[in-house]
Each structure stands twice: as C-alpha cells, then as structure tokens.
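Engineer: Listed below, chain by chain, are the residues.
Number of protein chains: 4
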Amino acid sequence: MKTVKIGVIGLGRLGMEHATNISSRVPGAELAAVCDVHAQRVEQVMEELAVPYGYTDFAEMCENPKLDAIAVVSPSALHPQQIALALSKGKHVFSEKPLGTTVAQCKQAEKAVEAYPDRIFMLGFMRRYDTSYMQAKKIVDAGRIGRIIMIRSYTQECIKTIEGAIQFGPTSGGEFLDMCIHDIDTFRWFTGSEPKELWATGDCYEFQEFAEWNDADNASCLMKFRNGTMCFTFAGHAAPHGTNVETEIMGTRGILRIGSVGTDSLLEIMSQDGITRQCYPDFQRRWHEAYIEEMCEFVRCIQQNRKPEVSVYDGTACSKIAYCCKESFETDRLLQYQG
Amino acid sequence: MKTVKIGVIGLGRLGMEHATNISSRVPGAELAAVCDVHAQRVEQVMEELAVPYGYTDFAEMCENPKLDAIAVVSPSALHPQQIALALSKGKHVFSEKPLGTTVAQCKQAEKAVEAYPDRIFMLGFMRRYDTSYMQAKKIVDAGRIGRIIMIRSYTQECIKTIEGAIQFGPTSGGEFLDMCIHDIDTFRWFTGSEPKELWATGDCYEFQEFAEWNDADNASCLMKFRNGTMCFTFAGHAAPHGTNVETEIMGTRGILRIGSVGTDSLLEIMSQDGITRQCYPDFQRRWHEAYIEEMCEFVRCIQQNRKPEVSVYDGTACSKIAYCCKESFETDRLLQYQG
Amino acid sequence: MKTVKIGVIGLGRLGMEHATNISSRVPGAELAAVCDVHAQRVEQVMEELAVPYGYTDFAEMCENPKLDAIAVVSPSALHPQQIALALSKGKHVFSEKPLGTTVAQCKQAEKAVEAYPDRIFMLGFMRRYDTSYMQAKKIVDAGRIGRIIMIRSYTQECIKTIEGAIQFGPTSGGEFLDMCIHDIDTFRWFTGSEPKELWATGDCYEFQEFAEWNDADNASCLMKFRNGTMCFTFAGHAAPHGTNVETEIMGTRGILRIGSVGTDSLLEIMSQDGITRQCYPDFQRRWHEAYIEEMCEFVRCIQQNRKPEVSVYDGTACSKIAYCCKESFETDRLLQYQG
Amino acid sequence: MKTVKIGVIGLGRLGMEHATNISSRVPGAELAAVCDVHAQRVEQVMEELAVPYGYTDFAEMCENPKLDAIAVVSPSALHPQQIALALSKGKHVFSEKPLGTTVAQCKQAEKAVEAYPDRIFMLGFMRRYDTSYMQAKKIVDAGRIGRIIMIRSYTQECIKTIEGAIQFGPTSGGEFLDMCIHDIDTFRWFTGSEPKELWATGDCYEFQEFAEWNDADNASCLMKFRNGTMCFTFAGHAAPHGTNVETEIMGTRGILRIGSVGTDSLLEIMSQDGITRQCYPDFQRRWHEAYIEEMCEFVRCIQQNRKPEVSVYDGTACSKIAYCCKESFETDRLLQYQG
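Residue numbers (this note's numbering), protein chains in the order written: chain R, 28 to 366; chain X, 28 to 366; chain G, 28 to 366; chain L, 28 to 366.
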C-alpha cells in the first residue's frame, strides 16, 4: 500500500497533536511537510519530528508535488479557503472543525469539495472515532436501547484553560460554534435527524469578558429534533477537575453514558479527602486515541479510494445549527430551525 | 417529651411507607389511627401495625381527640380540603406533595394554613431530608462550589412501573406536576431564586396513552432563573434499571452529583456481562431514610413548636412553576414565568 | 404479638447504638432498662431515651421480672459470665462478639446456652444482616458464581480512631480476635467449611504501642479451608478515608465485591482534586441498618420461638480460629487448625 | 536520531503486538525483520507489516548486519539462549519475561548480559510503563501514602482463555512463574525490598488438568518482605469479566488502587441488569499502551546509550521468588527466602 505523504498547516496544540500522530502513530502515513506563520516554529518542528519540508506560506506547501494530502489545523476562519486551495492543487484534505466560521464560508467549502469529486475530504469530528462513542453507536444501531428519547451532551473545559479561552474567544465563533458543535454532531450522528426547534440560554457567570463578543462563559441549549428526540447540550469553561465530555443517550429500553467518570487512569486514591479519581487533564489526553484513529481512517480512505462517513455537508449542517443556537441565545427566543 | 399521636389518611404504597415509619421508626411518634376508603385495608393495617383506631371516613378521624396530627397521603386532588379540615379540627398536618392539583387549590391550602398559625404544617418534599442532598446543600451554602451555573435534575421511574403510571396518569396532574415538582423544589431550594422563563417539551416515545390526557411519557424543561442559573429537569418512565433520581449542581468552582450511580447496595457483580451494580428497585427503597427523617422533623417541629423549613408557600410556588411547564409543553412556547 | 422488653448492659458507643435502635427502630421491642458502671451515664440515657429502669449493677438488672431479654454490649471479657447470669435468670440474650476473650470462656458460654435450651441466644455477627452481604449470600447459594475459589475480607478502621484503638488494645484481644473475627465469620458463613491451615503475619508499621501487648497495628492472615477455599483477611488501623470493610468472593463463574467503594452517600464531588466520594466515617454509620436488622431478628426469634441462624458454637469457632491466627502471628509458623 | 532497526523472534499473540507496535507506533524504530518457526506465518507478517527480512532460523536473523536490536518474544524456555546469541552478534536485546524458566537459565542470561556491557538489555516488565502504575509510583515515592503496609496484586485471566492456558500450562512454568511474576516485580519495584518468607497455596478448583504438571488453576501467596511489608498475590484463570490486573498499595497515610474497575471504556450501560461497565477483554487491550511505551523506552535507551531501569538481575530475582512460591505451594510449607 502506497504511503500517504501529508503536510500539516497550523502548528498550535492541536496541530502538533496531528503532526506527531502522522509522524509516528498512523500506519501508512508520512509527515512530509509542516507549515506555520512562525518560521521558527516550523524549523523547530521540522527538526523535532524529522520533517523534510517546511513552509511559512500555505500556497507554497500546496505546490509541493510530493504531498498527497493536507491536514488543515489553522485558525477556524481560514479553513474554507485553505480547503479550496489544497483541493485545487490535487491534494486530499483533512480539516479540523468547524468547516468555517459562517454558513456562507461552509457553502464555499462545499463547492470546493464538489468541484474535486475524486479527492478525499474529511472533517475532524473525532468523537466518531473514539472507542467509547463507537461502542455506544453500535449498541444504539443494534436497537438495544430502543427508540432514543433524549441525548444529553456536555463539553466542559477545565477552569485552568480559561485564559486561552478568553484570548481566542472573539475569533472562535463562540460557545455554540466552537464547543457545542461536537455535541451537535453527536446528536445528528445518533439520531439521523435534524433539529425542529431550539432554545439556547447562558450567561457570564464569572468572566464578563465573554459579554464583549456577545457570548456566555457557560451556555446551554435544549433542542427538539424532527424525529421527536430531545437533545440538551451544555458548554462551559468552569470544570474544576479537568476536561470533561459526557454524553448520555436515553432510550425506551436502555440508557448509555459515556464519560460519566471521565478518566483514562485506573488509579483510585484513598486519602483523608475520601476516594478520588483524576479526570482527564486536557482535551489532548481525552481524545489522543481518537485523533490517531480518525487520521488512520483518513489515510485508509485515501488508500482505498473511498469517502469517509463524515461529509462536508455534515460540517455545514452542524455550523448552521450552532448559528441557530447563537441566534436563539442572543435574541432569547425559541427558534424554528430550517434545516 | 410528649408522644405525638398521628393518624394517616391513605394506605397506598406511600401511605404504608409513612404508616410503618411512624409506627416503628420515628422516635416520639405513635401511629394512633389509619384511614382509607377501603374498609378491609384499614382492618388489615390496624392488625399488622397494631393501630388502635381505624376509619373509612376522614372527617370522622379528624374528630378523634386523641390525635395530635394527621399525615395526608391521599390522592393529590384531595389534599387541600383534607389539610383544611384537619387544621380546623386542631390537628397538625403533614401533607404529601403536591399541595393541590391546581393553583387555586394551593391557594385554598395556603388560606387554611394561615387561619391556624399555631398549628404545624409541613409538606413532603422528602429530598430535603435525604442525607446526600443535605450534604450537597451544606457544601453549596458554604460557598465551596462558587456561584451556581446550572442544576440538572432527573426523576426517572422504572419501566416496570409503567402500568401504574398509565393508570394514575389522568389524575396525577401529569409529568411536570407529579414528577418534576421535586426537581423544581430542588432548584428553588438550592438557588433561593425563581424561574424567569422556561421551555418545556416532550413526547409519547412509546406509550401513546399519555397523549389522551395531553401529557408525554417523557418530558423535559429548560428554565432560566432570575439569578441567572440554568435549570434542566427531565421526567421519564422508561428507566430500565430502576428508580433513578439524579441531581447535578455545577458551580464556578466545583460540581456536585447526587445519584449518578443510584444504589444503596455496596455489591458489585463481576460476570460475563461485565461489572454490574444494581440501582434502586423502586422509589420507596430510594427514599426510605428520607421519609423517616422528614417525619422525624415533623414530630420535632410539633414537640418544639417551631415551623419546618418548607412552607405552604413553597408548595404553591412549585405547583405554579409545574403548571407553567405544562402550559409551555402544551403550547410549545417559551414562557415568561410570573412568580 | 407481645412486645419484647429489653435491658442493655454497656452504654459505650456500640451500647448506645443498640439502645437507641431498640428504643425507636425495632418494631415489637421496648428499651425497658439500661445498665452501666457509670451511674451518671445511666441517668443520662434513661432521660434521653425515656427508659423506665436504670442500673449500675448487672445482677440487679437481671432480677427485674419485667425484662424479657438482655443485650450484652459490655467489655469483651465480661460477656461469658453475663450471658450465663442473664440466661439463668430466664432472660433471652443477645451478645455482642466476641463470645469471650479466651476459648475457655467461650466454652463456658456454650454450657450456659446449653443449660437453657428454651431461651433464645444470639451473637452479634451483624454482617450477616447487612443488605449487601445478604444479597451476596443469596447469589452464592443460588450457585451463580460457581465454586468459591477465594474470599478476601478487610476490616479497616479509620486512622482518626487510632487513640481509642491503642487505649483499648490491651484488653480487646488483639487484631485477630477483635477485628478479623468478623472476617472469619464471613469465611465460615460463605463456605460452610473450617480452616485447615493458616499463616498470620503483621507488624507495628507506625504505632509501636501495639508491640507492648504482642500485637500488630496492621496484620493479615492467609488460610486454606478444608473445602479448598483460600481465605485472606487483613485488619488495620490506618485507613485514611474512614471505616472500610470490604469482602470479595471469587468463584469459578463470577466474582462478588461488597464495599469496594464503601459509602452510603450518593454524592460525588468534582473539584480541582478530581472526582471524590466520601467513605463511611465510622463503623456505626457503616452498620447502622445491620445493627437494626439483627436486633429485629433477635426480637422475631423470641416472638416466634425459633433459634437464630448464628449459634453459640459459631462464636466459639470464630474465636478459636482467631486464636490460631494469633498464635501463628506470635510464633511465625504455618499452623494446622484443629477445628 | 538514528532509526533503530529491530527484528522480532516469535509471532504469537504477544509477538504480533510488539511487531505491530514497532512497525507503526514506536517513533525512531523500524520493524526490519521477523522470525518464527512457521514459514507461512513469517511470510504473512512480512506482507502485512511490510517487513523487509523474514526468517525461520533465529541464528540466521542474528547474522543480519542491518539489525540493531532483537525483540525476544519466543517460548519462555528459549529466552536465555536467544538472548545470549543475539548479544554475541552485537545486537541490543529486549526480552519478554520470564528471563528463563529455571534459575540456572536466568544466571546464564545474566552472564551473557555481563559479557556485553555496551549492549542494551531490557526485560519486558511492562507494568512499569503503564500510566496508572507510573502515577502510583510517583505518589508513593513522594511519600504521600507514608510507609507501605501491604501490597495486594492480582493477575486474573478471563475464563474464555482457559483452553490456551491449559495447552501452554506444562511449558509455561506454572502460575507463579508465568503470572505472579508481574506481581512479584511490582512488589520489588514499590518496596525496594526482597521477601523474607512466604507461603503459597492453591488448588484445581475446576480444571484438574493443572494437577498434571503439579500446578493449580488458581493460586495465591502471602509474603513478608524484609522491610516489613506484607505482599499478597493471587493468580487465576476464572475471571468471568475479562482480563483483570489489580494492585492495591496500602500505606500508613493513604491507599492506592489500580484497576479496581479495570476498563479503558468510558461507557456505562443502564439496562434491566443494572448499571454495567465492561472490563478489558484481553491482556493485549489492557497493556497495549504499556507495550508501546516500554518499546519506546528500549529504543530511547539505545539511542541515548543508557541502561533501562529494569536490569537482568531484576529478572533473576523475580524468577527466584516465583520458584520459591512454587516450592512452597508444592511442599505446603512456610519458606524462608534466601535472596
């Protein structure tokens, strides 16, 4: 099987996660190039991971004929144009979510993907490649929990990361687009349905900075889906114990919970404080295996010339729903969602 | 300390729970009389619990000068008139929730309570007397979890009890009045605030019978409280594993969960199915100690001539909110709540 | 059914537990008398629990014709003579473990019980009346875990109670007689067999005081039972998180664990320390319901004139085994146990 | 950093685990050769993992000048001679445990390692590279649990794998050498001490086949270490729920548990059976990350020319202790261990 040579654009925390995985944990893949606006960062990573090519200019990297694919891990607003450029240069593209920070941008990405139907495009909804979520999906699909009544899904960041959250808040798209989007994808994935109506609310419970860009530091949204399922999402920055992503799927014949005790450590500590377990310290640790697995799937799709389960349209749909949440939050109205 | 002689009206499952507790588990109390429309049931309980007086007529029981207090555990719609009658005959009154099945009824109960200010009146919000909820309240009041961001509270009945739920559904007041009312009390208790607005939704996911009385077999409601707290309640009849009541209180500096693994058994079973714990089989087992503790508190209030924490106005407020949920569910509108 | 009037001898922590339970939580029982060497304590309890008779002399209490039964909760060394005296005065007897602090004493108690075959005698192996242990026993007896391979049982006291442990250490009989005896009873109860051989070891890991009476502050013993079952017991005083009693029963087709997370609280706390649950703070809280249930059983046995499951011979057997452990520990030899 | 080219001898389940990890998950490593007695297996793996060299003769593989290192994953009895041969051909050697199936064999391996002091030799005690064990070690070394009182460590294989256990039983070295050896390593690692005395026992609780080679299907051993620590190990084949390895470390100021709920899945299933979590299905899944991490450490040691933490002497010591357990089990005597 031909090795897939991949260039990574964006060398922040998540970019490095992908670069490192491609470099040493994804069979059949080779980290052939890295690109970042900071030249020094590029050099450093080239040395650290033994990467042959380095760029500060994305267009230039796309011209490299040795590259089969590009992994887009840049700031969200740049995703659509970079996706389009890479595809136009004949590259397969893996892009981190969100597809774009506006619905118009998402449509632009859709067009680019449609224009190059022989290229593989995949969006980074990594939860779909997490072992526990995959197990849950199988159980649901096998009908073991009956009809889905409600899905509750939390995306909680550790309070320790609040500075970064405030710093990147204005450009992140906000709680619903940046955080709930994974919950929204989860809802659509498990129900196979779309929201009918929703109401979102929230507040600045501690960090008034979020109000500056019309956002909340903690927010939630209750949705009713067309198939009747109730979906509840909560996004927050105040988790004291670490990064916590929890999903509960209630059916008429069974209930599934993922991440109720969110940890990959088997260690319990008995002390005068009681019986204690440690939660995931950060999102990288929580999703490390899922990030590897989704990249493996991307590489397999290229090698086997087949489309990934997640399409560009899933990206647009999730963004549209997130925008509807945002509008509901801003206007404090119960909104009908037009799929 | 003088023994408090109590008569119980209503000898259904919950009535028997209270009767048995008064009979043998509440220090300072004596089960002096029982009353039920079924004469045979009365006789049977009189013998079983060695009760000196038995009645099929409530008014008659209230005339018994030996009785200090009445515990009202009859069908919800009868609560207000029975409360009023018992008070007018000089009895202290403990009443199961809800205070009444309409807000008008609740107001009627309020008037009766106001008319006899020297009588003790207590409403059966037993969660407030559950060890775990009491621990949580202390932690919250001590400021250990900071400002409350969100409270999520579930009231789930086991699927095995669905027949009873359907049978009593038409007269129960519905999901919000009959089940969520405890969650609503929890929200008010922990926040000290009232809802500002709310949206309720739900469906008949399996049992279409509930539609006959404009109800859902599973329903939820998202509320925004005046102090900013988001409150989410879910009530359902499809829990496969038993009776599950779970409350989560998220603060800016800590999170509390009560009943995430709802069981009073310390037993874990390792088998080919995995590692299994048993949930509470029914509500009596879940709340047994809390039912005892609330009755102890009722008796202590009488003996010490002081008012319980829960007032008749709390009963009215919870019912009003539950009715607002019901209206929101029926009209599918986001409603402003007028306290 | 006739009310059983009980007198309690010994008003320490455990004595008060039993006195309070008899007074208000055991149907069909009445706390009719209390006895203790401290006159002031007797008066105080008489007032607190409204007890009609009080004594500082045990023999005097036994003369009271109104008493049907005596609950012996005095220092261990006094058990046999008090059991004998109470029986000789026509009383039914409930005695706390151990039956005596020497095997000779146990034999003395056996004789007394044999001399009054129409009197009910019951020994306080309260674990047998704990819900979780009873559930486990049913599962084992139903053959659901196959043949028992190993039982592991811990008795751990909280480090906070170390002062009392040291104070009463010299007269307690030591780790094996005072603490492991419950584990030993558990082994015999579940296997229906007796030890064939055993080796006990331990040390003064922190508190050298225990060496003064040839004891260890933490000790363990591995036994092989005649039916092949391996049994491992550990007793210690260093539990940081509370009182922990844990029993694991491994079978050829399933494994049961009781008390792996030992708590009656449903509360989980998420904080910067992680996810924390509180253990039982002390033994009274751990066994409160079991203490009630065993006293209920004692009363039922009297009322129904039948023998309890636990006989006086069980008491002797457990003490003999505990003494064998002690000898093994002191001589550091693998000992054959002569049943 | 120079890539380390590794040849793997033995392509059974564990051999394939290592081969796959070296091939795609260990940075800086290359799977350059595989060797197995089954020619067809060699060809198959060469194709599957794109391995350039394949052998059915171990000596031949050792002659390949392109190989820097050999990973020995062959049957236990072959380890010493293969270690010696590989070292003599200038290769670095990673060997699975045990070092040998007799103490004499272990000594032979020691000599070989001593003869080539510039070569890296590492033994596969993978628990030391498991995240949870590493966390525990740090906590213990930081003194957070005080002095260690007792370590309990279980190695339980799933009943589903019993056929293989019986098949390989006669040549495996038995329960103590094949299974408890990891627990023994754990004891030595955490205490830094050696056993003073021990008593082992066990039986054929279900599978009489084990008696044919003087072994038990379930066995345990209680040890007293020279520093006073009590160590208890249990090895069994009857775990119904999967592969379970659990270690508890009790200190005078805290208790650690690893693997009490042994699973890498975050999924809980609520059903009519209760609340269920799945255990690890097999040892590969349990130790997958640890196998990767230990191989990474082997490669780093080669690249940085430093010795791994685990020496060849640790291998001999663990085997000696395991043999002492075996002797104690066979003779049913309490044995003094001569380090």
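Quick caveat, the hints were computed from the structure, so don't treat them as lab data. There's no promise every hint is true.
[Claimed, not checked] Facing chain X, from chain L, some residues (calculated, C-beta under 8 Å):
1) Gln-135
2) Thr-158
3) Gln-162
4) Ile-166
5) Val-167
6) Ser-220
7) Pro-267
8) Met-297
9) Asp-300
10) Arg-304
11) Cys-306
[To be verified] Taking lysine-lysine pairs in the DSSO-like style, the calculated list, with each CA pair at most 30 Å apart, reads:
12) Lys-29/R <-> Lys-32/L
13) Lys-138/G <-> Lys-164/X
14) Lys-164/G <-> Lys-334/G
15) Lys-187/G <-> Lys-347/L
16) Lys-93/X <-> Lys-29/G
17) Lys-165/X <-> Lys-347/R
18) Lys-347/L <-> Lys-164/R
19) Lys-334/G <-> Lys-134/G
20) Lys-138/X <-> Lys-223/R
21) Lys-134/R <-> Lys-116/R
22) Lys-187/L <-> Lys-165/G
23) Lys-334/L <-> Lys-32/R
24) Lys-134/X <-> Lys-32/X
25) Lys-187/R <-> Lys-164/X
26) Lys-164/L <-> Lys-93/L
27) Lys-93/L <-> Lys-29/L
28) Lys-29/R <-> Lys-138/R
29) Lys-187/X <-> Lys-32/X
30) Lys-116/R <-> Lys-138/R
31) Lys-165/X <-> Lys-164/G
32) Lys-187/X <-> Lys-164/G
33) Lys-134/L <-> Lys-347/L
34) Lys-29/R <-> Lys-187/R
35) Lys-134/G <-> Lys-347/G
36) Lys-93/R <-> Lys-187/L
37) Lys-93/R <-> Lys-93/L
38) Lys-187/R <-> Lys-164/L
For clarity, every value in this text was computed on a predicted model and none was experimentally measured. Backbone N, C-alpha and C define an ideal beta-carbon position, used for all residues, glycine too.
Engineer: Each hint: holds or not?
Structural biologist: Status of each hint after checking the structure:
1. Gln-135: Interface hint status for Gln-135/L: violated (41 Å vs cutoff 8 Å).
2. Thr-158: violated (20 Å)
3. Gln-162: Violated, about 22 Å.
4. Ile-166: violated (23 Å)
5. Val-167: Result: violated, 26 Å to nearest chain X Cβ.
6. Ser-220: Violated, about 32 Å.
7. Pro-267: Nearest chain X Cβ about 5 Å off; hint holds.
8. Met-297: holds (4 Å)
9. Asp-300: holds (6 Å)
10. Arg-304: Nearest chain X Cβ about 5 Å off; hint holds.
11. Cys-306: holds (6 Å)
12. Lys-29/R <-> Lys-32/L: holds (21 Å)
13. Lys-138/G <-> Lys-164/X: Between Lys-138/G and Lys-164/X the Cα gap is close to 54 Å, so the pair fails against 30 Å, i.e. violated.
14. Lys-164/G <-> Lys-334/G: holds (19 Å)
15. Lys-187/G <-> Lys-347/L: violated (40 Å)
16. Lys-93/X <-> Lys-29/G: OK: Lys-93/X and Lys-29/G at ~24 Å, within 30 Å.
17. Lys-165/X <-> Lys-347/R: Roughly 43 Å between the alpha carbons, so the hint for Lys-165/X and Lys-347/R is violated.
18. Lys-347/L <-> Lys-164/R: Violated: Lys-347/L and Lys-164/R sit about 49 Å apart, past 30 Å.
19. Lys-334/G <-> Lys-134/G: With a Cα-Cα distance of about 19 Å, the restraint between Lys-334/G and Lys-134/G holds, given a limit of 30 Å.
20. Lys-138/X <-> Lys-223/R: violated (44 Å)
21. Lys-134/R <-> Lys-116/R: holds (20 Å)
22. Lys-187/L <-> Lys-165/G: holds (26 Å)
23. Lys-334/L <-> Lys-32/R: violated (35 Å)
24. Lys-134/X <-> Lys-32/X: holds (28 Å)
25. Lys-187/R <-> Lys-164/X: The given pair, whose Cα atoms are some 26 Å apart, holds under the 30 Å limit.
26. Lys-164/L <-> Lys-93/L: Given that 30 Å is the threshold and the Cα spacing comes to 38 Å, the pair is violated.
27. Lys-93/L <-> Lys-29/L: holds (13 Å)
28. Lys-29/R <-> Lys-138/R: holds (29 Å)
29. Lys-187/X <-> Lys-32/X: violated (36 Å)
30. Lys-116/R <-> Lys-138/R: This hinted pair holds, its Cα atoms lying about 15 Å apart.
31. Lys-165/X <-> Lys-164/G: violated (37 Å)
32. Lys-187/X <-> Lys-164/G: Answer holds: Lys-187/X to Lys-164/G is near 26 Å, not above 30 Å.
33. Lys-134/L <-> Lys-347/L: holds (11 Å)
34. Lys-29/R <-> Lys-187/R: Roughly 43 Å between the alpha carbons, so the hint for Lys-29/R and Lys-187/R is violated.
35. Lys-134/G <-> Lys-347/G: OK: Lys-134/G and Lys-347/G at ~10 Å, within 30 Å.
36. Lys-93/R <-> Lys-187/L: Given that 30 Å is the threshold and the Cα spacing comes to 49 Å, the pair is violated.
37. Lys-93/R <-> Lys-93/L: holds (28 Å)
38. Lys-187/R <-> Lys-164/L: holds (26 Å)
Violated hints, listed in ascending order, are 1, 2, 3, 4, 5, 6, 13, 15, 17, 18, 20, 23, 26, 29, 31, 34 and 36; each of the other numbered hints is respected by the structure.
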